[in-house]
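There are 2 protein chains.
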Amino acid sequence: MKLWEKNVRKVEPYVAGEQPDNKDMVKLNTNECPYPPSPKVKQVIKKIEENTDRLRLYPDKTMAPLINALAEFYGVESDMVFAGVGSDDVIANCFLTFFNSEKPILFPEITYSFYPVWADLYKIPYKTPKLREDFTIDVNDYMGENGGIIIPNPNAPTSIYESLEGIEKIVKANPASVVIIDEAYIDFGGESAIPLVKKYDNLLVVQTFSKSRSMAGMRIGYAIGSGELIAALNNVKNSINSYTLNYVSILAGEAAVKDKEYFDATRNKIIETRKRSMMELEKLGFTFPQSKANFIFATHKDYNITDMFNYLRDNNIYVRHWNNPLIKDYLRITIGTDEEMNRLFDEIKKYMNSK
Amino acid sequence: MKLWEKNVRKVEPYVAGEQPDNKDMVKLNTNECPYPPSPKVKQVIKKIEENTDRLRLYPDKTMAPLINALAEFYGVESDMVFAGVGSDDVIANCFLTFFNSEKPILFPEITYSFYPVWADLYKIPYKTPKLREDFTIDVNDYMGENGGIIIPNPNAPTSIYESLEGIEKIVKANPASVVIIDEAYIDFGGESAIPLVKKYDNLLVVQTFSKSRSMAGMRIGYAIGSGELIAALNNVKNSINSYTLNYVSILAGEAAVKDKEYFDATRNKIIETRKRSMMELEKLGFTFPQSKANFIFATHKDYNITDMFNYLRDNNIYVRHWNNPLIKDYLRITIGTDEEMNRLFDEIKKYMNSK
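In order, the protein sequence lines correspond to chains A and B. Under the numbering used here, the first residue of the first sequence is numbered 1, with each subsequent residue one higher. Under the numbering used here, the first residue of the second sequence is numbered 1, with each subsequent residue one higher.
Because the hints were derived from the structure by calculation, they are not lab data. Please note: incorrect hints may appear among the correct ones.
Covered stretches of chain B (in silico footprint by chain A; criterion: 3 or more residues with CB under 8 Å from a CB of chain A, positions within the stretch not fixed) [unchecked claim]:
id, segment
1, 35–49
2, 93–104
3, 225–235
Calculated Cβ distances over 10 Å to all of chain A for the following chain B residues [claimed, not checked]:
id, residue
4, 56
5, 71
6, 133
7, 134
8, 163
9, 190
10, 302
11, 306
12, 309
13, 311
14, 325
15, 349
Using N, Cα and C, we set each Cβ at its ideal position, and we do this for glycine too.
Can you make the complete structure from the sequences, with help from the hints?
Written as structure tokens, this is what we have:
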């Protein structure tokens with residue numbers, strides 16, 4: 001061991017889904033959108049290309065074009081909006097800002113696997129209430145003493161949406177805690193908690209451009225909450241990095257938010273494909289919770305899921321699978337285009353016939 | 001006070017230089033480069049514009065195109081290079097990763113004012129050795145027990161370059177500490193410590209695209225050090241955010257690094273203008289340390305500097321000034337184009353004539 005190593009922070013990092021780049025692969029493993037960003041994004045990038053001289057200057061540290069567009073879209077004031085380098089950056093900042101209690105924070109036992117990583121990194125104690133047998137959340141588990149709460153809605157990887165009544169019950173019962181609702185997948189059929197931020201100053205709602213807005217490559221996430229929450233978050237953010245979103249992200253993000261028509265068309269296409277995909281999977285004998293996300297969390301009583309996952313992977317179809325014993329019998333399948341889903345179903349049929 | 005506020009991290013954030021956007025202003029206040037990025041950057045953005053579909057996918061989390069280009073440029077292995085969202089993001093990650101001792105870290109009393117902010121944020125104790133009367137660093141101040149060291153070379157805002165012998169002495173004397181040399185301004189005449197990373201596994205050198213590579217708007221910084229240091233840094237980074245640099249930054253950064261000819265032409269132009277500017281300022285009666293950065297740290301025995309700063313600002317010329325009593329009699333003047341410097345000198349002359 002090197003002498004300097006004793007002062008190094010030891011962490012077990014989050015492991016993101018693999019990002020293969022094979023020709024003709026069907027990539028249904030990291031919940032990206034199968035459709036391109038709004039054509040308005042293309043126009044903005046063209047303008048930037050015509051004036052790259054602007055890149056020599058720092059970006060607007062208030063990120064005003066993006067912040068104002070989001071405020072207008074969601075009908076809130078600009079001082080109620082925060083933005084960061086993807087929702088992971090936003091949530092990491094939230095953990096550092098809001099979860100400084102000695103009491104444990106709460107999040108579901110089965111959920112986004114980055115939560116325990118952030119908690120460990122910042123030395124935040126945590127407890128993980130179990131889900132019910134059917135993978136739903138029991139809101140009563142979030143009523144006791146705690147140092148903060150974070151729940152994804154819809155939850156990942158289960159795809160299950162918790163009603164806004166359930167969410168409100170949690171927020172209302174915890175006035176001494178910041179409650180974060182991670183709505184990465186809300187645009188695929190759920191009802192957002194954003195309107196509740198005007199009623200509860202302890203509620204923060206986090207969303208992302210990586211899923212419903214087709215811009216995972218641009219790294220944009222945001223949070224909406226009371227002015228006090230956003231001010232505290234900005235103070236911490238400005239103590240780490242004054243300028244996070246670059247010039248291109250700020251303007252491309254603004255353009256995407258302003259194109260509501262394209263956004264609605266895209267998410268509706270995914271909702272349609274999801275509906276058809278659930279029917280197809282059902283025909284093939286899979287069972288799964290009713291998904292309100294852009295993925296389906298499916299299992300099959302007659303087949304070894306790990307084996308099926310490997311078969312699909314060998315045939316250039318990438319879905320997500322975890323070795324975690326609680327969910328090892330499940331595949332998380334991102335909703336792709338109809339063509340991509342057909343290729344998936346064909347390969348699954350081939351797999352089944354080969355058994 | 002809200003009930004949830006007791007668990008909020010309280011911080012005094014860093015205050016970045018103002019970013020005015022006035023017509024015809026002369027912006028010499030945040031050490032940006034007056035020349036546009038390499039034309040190769042324009043070409044890359046054009047290619048991205050032609051294929052915005054790619055933006056729907058996550059970027060390469062290894063940032064391989066950029067990391068490999070930097071490794072080649074500096075003659076090191078790829079596993080010796082780390083990249084982040086500007087050097088502020090890189091250094092914030094370094095504080096969190098490497099400075100976990102109970103002993104205080106060391107950095108100069110007059111230096112980049114973000115260092116104490118990061119230390120406070122992460123609750124790291126620190127001591128700040130005074131500079132000598134002439135603003136130079138005394139390397140002997142960095143020989144005692146400590147929890148880590150960070151020194152900018154050239155230092156900011158003093159513009160003074162410390163010899164590589166002095167830097168090596170510090171690194172060698174501190175095998176139990178990680179020593180970070182923040183080389184944001186190294187390309188304007190100093191000799192980088194990067195070749196020393198092969199000799200000292202406790203040395204990390206941080207640089208940025210915001211100054212000599214004309215890309216403050218793209219937010220790209222990097223660190224070069226031993227494979228062990230970079231692995232530890234990547235572990236922490238991957239515990240915060242798997243994907244930091246977006247698709248555009250990775251490719252634009254790669255293109256800029258590969259255009260060495262343009263990079264050399266740009267920094268040489270700035271070095272030339274700096275030489276002429278130092279002569280002009282001297283004629284006007286200013287005194288200043290010999291600058292090896294893209295700015296000059298100047299004072300004048302006959303004029304009130306705060307007053308001069310305000311006059312310049314009122315006349316649309318932005319330079320940087322601090323109220324810190326140690327440096328309140330100094331202006332930090334970024335090297336702009338020759339035309340911009342002429343406008344500055346003209347306004348200074350007008351100011352002097354008006355007194």
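For each hint, the structure was consulted:
{"no.": "1", "hint": "35–49", "in the structure": "holds (count 9)"}
{"no.": "2", "hint": "93–104", "in the structure": "holds (count 6)"}
{"no.": "3", "hint": "225–235", "in the structure": "holds (count 4)"}
{"no.": "4", "hint": "56", "in the structure": "violated, 4 Å"}
{"no.": "5", "hint": "71", "in the structure": "holds, 20 Å"}
{"no.": "6", "hint": "133", "in the structure": "holds, 31 Å"}
{"no.": "7", "hint": "134", "in the structure": "holds, 30 Å"}
{"no.": "8", "hint": "163", "in the structure": "holds, 24 Å"}
{"no.": "9", "hint": "190", "in the structure": "holds, 21 Å"}
{"no.": "10", "hint": "302", "in the structure": "holds, 34 Å"}
{"no.": "11", "hint": "306", "in the structure": "holds, 24 Å"}
{"no.": "12", "hint": "309", "in the structure": "holds, 20 Å"}
{"no.": "13", "hint": "311", "in the structure": "holds, 24 Å"}
{"no.": "14", "hint": "325", "in the structure": "holds, 23 Å"}
{"no.": "15", "hint": "349", "in the structure": "holds, 27 Å"}
When the structure is compared with the earlier hints, a violation turns up for hint 4 alone.
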